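*Asks:* For reference, the chains in residue letters:
There are 2 protein chains.
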Amino acid sequence: MSIYDQGLDKCAANYAPLTPSTFLQRAARVYAHRVAVVHGDLERDYASLYSRSRALASALAQQGVGEGDTVSVIAPNTPEMLELHFGVPMSQGVLNTINTRLDPAAVAFMMDFAEAKVLFVDRAYAQLAKDSLTQMKSQPLVIGIDDDLEPEGEVIGEMDYEEFLSTGDPEFDWQEPADEWQAISLNFTSGTTGNPKGVVYHHRGAYLNAMSAIIAFNLGASPSYLWTVPMFHCNGWCCPWAVTAAGGTHVCLRKVDPALIYELINRHSVSHMGGAPTVLNMILNAPETVRRELPAQGVSISTGGAAPPSAVIAGMQKLGFHVAHLYGLTEVYGPSHWCEWQTEWDDLDDRGQMLKMARQGVPCLTINDHCVLNTETGEVVPEDGQTIGELVMRGNTVMKGYLKNPAATEEAFAGGWFHSGDLAVMHPDYYAEIKDRSKDIIISGGENISSLEVEELLYQHPDVMEAAVVARPDDNWGETPCAFVCLKTQSDGSLTETTLIEWCRERMAHFKCPKTVVFGPLPKTSTGKIQKFVLRERAEQLDTL
Amino acid sequence: MSIYDQGLDKCAANYAPLTPSTFLQRAARVYAHRVAVVHGDLERDYASLYSRSRALASALAQQGVGEGDTVSVIAPNTPEMLELHFGVPMSQGVLNTINTRLDPAAVAFMMDFAEAKVLFVDRAYAQLAKDSLTQMKSQPLVIGIDDDLEPEGEVIGEMDYEEFLSTGDPEFDWQEPADEWQAISLNFTSGTTGNPKGVVYHHRGAYLNAMSAIIAFNLGASPSYLWTVPMFHCNGWCCPWAVTAAGGTHVCLRKVDPALIYELINRHSVSHMGGAPTVLNMILNAPETVRRELPAQGVSISTGGAAPPSAVIAGMQKLGFHVAHLYGLTEVYGPSHWCEWQTEWDDLDDRGQMLKMARQGVPCLTINDHCVLNTETGEVVPEDGQTIGELVMRGNTVMKGYLKNPAATEEAFAGGWFHSGDLAVMHPDYYAEIKDRSKDIIISGGENISSLEVEELLYQHPDVMEAAVVARPDDNWGETPCAFVCLKTQSDGSLTETTLIEWCRERMAHFKCPKTVVFGPLPKTSTGKIQKFVLRERAEQLDTL
Numbered sequence: 001m002s003i004y005d006q007g008l009d010k011c012a013a014n015y016a017p018l019t020p021s022t023f024l025q026r027a028a029r030v031y032a033h034r035v036a037v038v039h040g041d042l043e044r045d046y047a048s049l050y051s052r053s054r055a056l057a058s059a060l061a062q063q064g065v066g067e068g069d070t071v072s073v074i075a076p077n078t079p080e081m082l083e084l085h086f087g088v089p090m091s092q093g094v095l096n097t098i099n100t101r102l103d104p105a106a107v108a109f110m111m112d113f114a115e116a117k118v119l120f121v122d123r124a125y126a127q128l129a130k131d132s133l134t135q136m137k138s139q140p141l142v143i144g145i146d147d148d149l150e151p152e153g154e155v156i157g158e159m160d161y162e163e164f165l166s167t168g169d170p171e172f173d174w175q176e177p178a179d180e181w182q183a184i185s186l187n188f189t190s191g192t193t194g195n196p197k198g199v200v201y202h203h204r205g206a207y208l209n210a211m212s213a214i215i216a217f218n219l220g221a222s223p224s225y226l227w228t229v230p231m232f233h234c235n236g237w238c239c240p241w242a243v244t245a246a247g248g249t250h251v252c253l254r255k256v257d258p259a260l261i262y263e264l265i266n267r268h269s270v271s272h273m274g275g276a277p278t279v280l281n282m283i284l285n286a287p288e289t290v291r292r293e294l295p296a297q298g299v300s301i302s303t304g305g306a307a308p309p310s311a312v313i314a315g316m317q318k319l320g321f322h323v324a325h326l327y328g329l330t331e332v333y334g335p336s337h338w339c340e341w342q343t344e345w346d347d348l349d350d351r352g353q354m355l356k357m358a359r360q361g362v363p364c365l366t367i368n369d370h371c372v373l374n375t376e377t378g379e380v381v382p383e384d385g386q387t388i389g390e391l392v393m394r395g396n397t398v399m400k401g402y403l404k405n406p407a408a409t410e411e412a413f414a415g416g417w418f419h420s421g422d423l424a425v426m427h428p429d430y431y432a433e434i435k436d437r438s439k440d441i442i443i444s445g446g447e448n449i450s451s452l453e454v455e456e457l458l459y460q461h462p463d464v465m466e467a468a469v470v471a472r473p474d475d476n477w478g479e480t481p482c483a484f485v486c487l488k489t490q491s492d493g494s495l496t497e498t499t500l501i502e503w504c505r506e507r508m509a510h511f512k513c514p515k516t517v518v519f520g521p522l523p524k525t526s527t528g529k530i531q532k533f534v535l536r537e538r539a540e541q542l543d544t545l
Numbered sequence: 001m002s003i004y005d006q007g008l009d010k011c012a013a014n015y016a017p018l019t020p021s022t023f024l025q026r027a028a029r030v031y032a033h034r035v036a037v038v039h040g041d042l043e044r045d046y047a048s049l050y051s052r053s054r055a056l057a058s059a060l061a062q063q064g065v066g067e068g069d070t071v072s073v074i075a076p077n078t079p080e081m082l083e084l085h086f087g088v089p090m091s092q093g094v095l096n097t098i099n100t101r102l103d104p105a106a107v108a109f110m111m112d113f114a115e116a117k118v119l120f121v122d123r124a125y126a127q128l129a130k131d132s133l134t135q136m137k138s139q140p141l142v143i144g145i146d147d148d149l150e151p152e153g154e155v156i157g158e159m160d161y162e163e164f165l166s167t168g169d170p171e172f173d174w175q176e177p178a179d180e181w182q183a184i185s186l187n188f189t190s191g192t193t194g195n196p197k198g199v200v201y202h203h204r205g206a207y208l209n210a211m212s213a214i215i216a217f218n219l220g221a222s223p224s225y226l227w228t229v230p231m232f233h234c235n236g237w238c239c240p241w242a243v244t245a246a247g248g249t250h251v252c253l254r255k256v257d258p259a260l261i262y263e264l265i266n267r268h269s270v271s272h273m274g275g276a277p278t279v280l281n282m283i284l285n286a287p288e289t290v291r292r293e294l295p296a297q298g299v300s301i302s303t304g305g306a307a308p309p310s311a312v313i314a315g316m317q318k319l320g321f322h323v324a325h326l327y328g329l330t331e332v333y334g335p336s337h338w339c340e341w342q343t344e345w346d347d348l349d350d351r352g353q354m355l356k357m358a359r360q361g362v363p364c365l366t367i368n369d370h371c372v373l374n375t376e377t378g379e380v381v382p383e384d385g386q387t388i389g390e391l392v393m394r395g396n397t398v399m400k401g402y403l404k405n406p407a408a409t410e411e412a413f414a415g416g417w418f419h420s421g422d423l424a425v426m427h428p429d430y431y432a433e434i435k436d437r438s439k440d441i442i443i444s445g446g447e448n449i450s451s452l453e454v455e456e457l458l459y460q461h462p463d464v465m466e467a468a469v470v471a472r473p474d475d476n477w478g479e480t481p482c483a484f485v486c487l488k489t490q491s492d493g494s495l496t497e498t499t500l501i502e503w504c505r506e507r508m509a510h511f512k513c514p515k516t517v518v519f520g521p522l523p524k525t526s527t528g529k530i531q532k533f534v535l536r537e538r539a540e541q542l543d544t545l
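Protein chains in written order, with the working numbering: chain A, 1 to 545; chain B, 1 to 545.
Because the hints were derived from the structure by calculation, they are not lab data.
Please read all numbers here as calculations on a predicted model, not as lab measurements.
A portion of the hints provided could be inaccurate.
As the list makes no split between identical chains, a pair holds if one copy fits it or if it spans any two.
[Stated by the list, open to error] Mimicking SDA-like on lysine to any residue, the simulated pairs with C-alpha atoms at most 25 Å apart in a straight line are:
1) LYS488 to GLN127
2) LYS10 to GLU176
3) LYS117 to VAL323
4) LYS117 to ASP347
5) LYS404 to ASP5
6) LYS318 to GLY220
7) LYS356 to ARG34
8) LYS529 to PRO406
Excised from the complex, chain A in its bound form (with noise of 0.2 Å):
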């Protein structure tokens, strides 16, 4: 033993397990007075955040609510949502959030899986929750949820949120996790395919995650945070925690409406936000009359999901947000990625700067590495950006595991890495560029064709609002690109599937070409992303008409 571990052991001085719940200790001290939230006109500051989150961690654990304890949530970003991040993880719990926009069979597998003890339930969604609880195994105790903003829906349960909140001491003398490994939550993968999977957080990751976005996103000393990340999505990329830590304000949103986003951003200076690139879309494409003034230093958006089309970038960069573009997945509590700007890039064209900024980019501080793996030989792939194969990484910020299903985790840790399940390329500059889901590559005479390549072409088309491309089945092919693509209201109709597939092989190799275009809205996830399973049958029913 070296002299060095003789008499240096922890204590309660010097050791503390970490957990974000401390951040909001922290701010209740340092910025009491300062606005934690903001709902529509209802404002509370950083120290009844605190006491009405402790009340909250109190009444959970008066109903028996402690370590491994499951808490569900059914709710849009509102005040409420927001006690939720802190007050289940001081009462020992685990916070399940759910996708509002799922189906009661769904959300009822989900609760018993998790073996839900306490389900809060908002309002608007009273519906949905009856009808899980009907389908349920098991019942957790309800607790409803009213909000002055939302007309709509009953307040189910045994009591409403507020009353439950008096039951509860606001002096709660709330402990920290006796293991920091302790899970804080429980998030389901919206799995395309089969039951969605529970991705289990722990407070470690969660306090290191916050720390490293905070960077990241460089929040700077008090920021005012539009809440357009769902919540209920990787927990809103833990910001409920990086944006307490900065001692910034939270400003709740019920709805992605762009007219409503415009009017929070001019009025609450608003100066970080998040959403999905169709979120972007949204605001881009809002009308002139709902667009309002953004504050003098702009707003710093961050962009997950797909990589954002660089048309789509350069008109949000003219509005004066400052895009950035992230990539994460479920498992690594949201962005593991961020494509960060190089000082060189200065000095790019507009296009050379798009092209570098349309990558997913380098990992975040609490990601030690990652890598591109043949998906065959499991051997790194060269850093050439040609090369494709599956995207892979370790560190901190990499969930526990899922819950109730070892086989799924041993597989997505299999060689000390985890897999993304997305196909990528590595470029010389350790930057990482996703080429494709692996279930959305499209495999044509032998080619492999990147679905967001073509559309990446698409996008740039003037009158193309959203664009997907996916497989279809083709006898001669195998596969043959399909694009569903949706117009701007402003299109005068004109083009046709003719010209817009012209328009295309003028512009790109003949066989990376959609063969197929089908015009009309897209579906969509509730986080705003492309439904292209739904898009994959619909092309399927194409070829059989």
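Add chain B to chain A, keeping to what the hints say.
*Replies:* Below, chain B without anything else, positioned relative to chain A:
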């Protein structure tokens, strides 16, 4: 066992011991060709800093350095010193940086106590090293560091640094520590009485403190950091690691010289730096001829140690420096507190703002709590900004403990708090304000007098450049305040002991005013702190004259 503890263990994909070495690994990939280090005309990029640090780790490992082995260094802020902050931890060794202004007896004591296996010595300190080695019981391997910017001294030892590096493998497969609680460095306190104590840092704390420093200093993307704070002082407040994590440029500096500081700020567009209040004083009082234009965005300067007199803060702001006030100790990895600016202070007048800024402030994100305890009863004092007690804190960036000194460790951590030994008041807004080091308080006629308060007043006198106040034994009062004052060079020499005391009595309670004033230069430590123990001795001798 809860469902969240089954099949959800740590593995290579989702867990890695926290260590700041990973920041350099990442920087070498993400910022490969960005300038990492500047020293005179020398520039090295991150790829080079990483490969040199790996070669260093490899060379050390070949010499048998491993977990718990001490590697000492006597050097100023040079590229080699920076490399040692990565190479030693990557070898699993413990970095022991030694204050270059100590005498050979103290240095010999430290190295024997730490059982140093290797000693790196910059040529300027060859004589100090030789004298120390002759007094040591054991003999470490000595490696000399040459430096083109240093004409003095000789390069001593078995071989020089570059030769030593050439024995190592620049692609060395270094390992993270098996446990993040493993020691990373050893910093001796400046200890004014008795033998210095060896403060042990661990990898986890260094990692977390670096993250916290990026946020507290608001380093942003690619900062340019001027090395005015000695790296042998709390490992340069953990900035070797923080600046690297942020992909910044380390601008090296052998000596704190105002002309050189202005030149480097101008030449390398320095964005951030730190320093004791005396460094600020030096910059402020530098002759016009050596002053250079600052970068347009100004320079953020963090100042620790004693609270900077408000006149100094105001003067620096006028020059274009943004002054942040920090507080910390060796035992807490450097700064544990910073005087975080509150937006409502924008509305205060200059004097009001200065009063707020003069306070040491709130704990950083990685310190979980702080309070002020009554030194007699151990009870928490009222948060009234009036009641003096000892400032205590706890969290993950508190040292492992004192090396080979369990009694001192236990005393420092008594009651689950780290005891700072500093006397402070707690304001109602959770900001701590240091009133004095315990030993610096003056007790006169039963009244406690804060020497800092008297100094603060003296600094407001237009002719005073520096002032320090200590207790002078007095038969009648017990103690009286004795002021040591260094006048500005441009003062006309008309100020006398009597007129200065009179000036004080017009502005402060009479019992607090100096009873004695001694004019002349003040003795300082290598880190620019005024050596009050020397002044206390002088004050005692005055009594016997």
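*Asks:* From the Cα coordinates, with 25 Å as the cut-off, is the pair LYS529 and PRO406 best called within, between, both, or neither?
*Replies:* Classified as neither; 28 Å inside a copy, 58 Å across copies.
*Asks:* If the cutoff is 25 Å on CA atoms, where do LYS404 and ASP5 land: within, between, both or neither? Let me know, please.
*Replies:* between (38 Å within a copy, 10 Å between copies)
*Asks:* Reference check for the pair LYS10 and GLU176, CA-CA at most 25 Å: within, between, both, or neither?
*Replies:* Classified as both; 15 Å inside a copy, 20 Å across copies.
*Asks:* From the Cα coordinates, with 25 Å as the cut-off, is the pair LYS356 and ARG34 best called within, between, both, or neither?
*Replies:* Cα proximity of LYS356 and ARG34: across copies only (17 Å, versus 38 Å in one copy).
*Asks:* Go through the copies and call it for LYS117 and ASP347: within, between, both or neither, with a Cα cutoff of 25 Å.
*Replies:* neither (57 Å within a copy, 49 Å between copies)
*Asks:* Could you place LYS117 and VAL323 in one of the four classes (within, between, both, neither) given a Cα distance threshold of 25 Å?
*Replies:* This pair counts as neither: shortest intra-copy Cα distance 40 Å, inter-copy 51 Å.
*Asks:* With identical chains, the pair LYS318 and GLY220 could be close in the same copy or across copies; at 25 Å between alpha carbons, which is it: within, between, both, or neither?
*Replies:* Answer is both; intra-copy 23 Å and inter-copy 24 Å each pass.
*Asks:* Indicate which option fits the pair LYS488, GLN127 if close means a Cα-Cα distance not exceeding 25 Å: within, between, both or neither.
*Replies:* neither (34 Å within a copy, 78 Å between copies)
This entry does not satisfy hints 1, 3, 4 and 8, going by the numbered hints stated previously.
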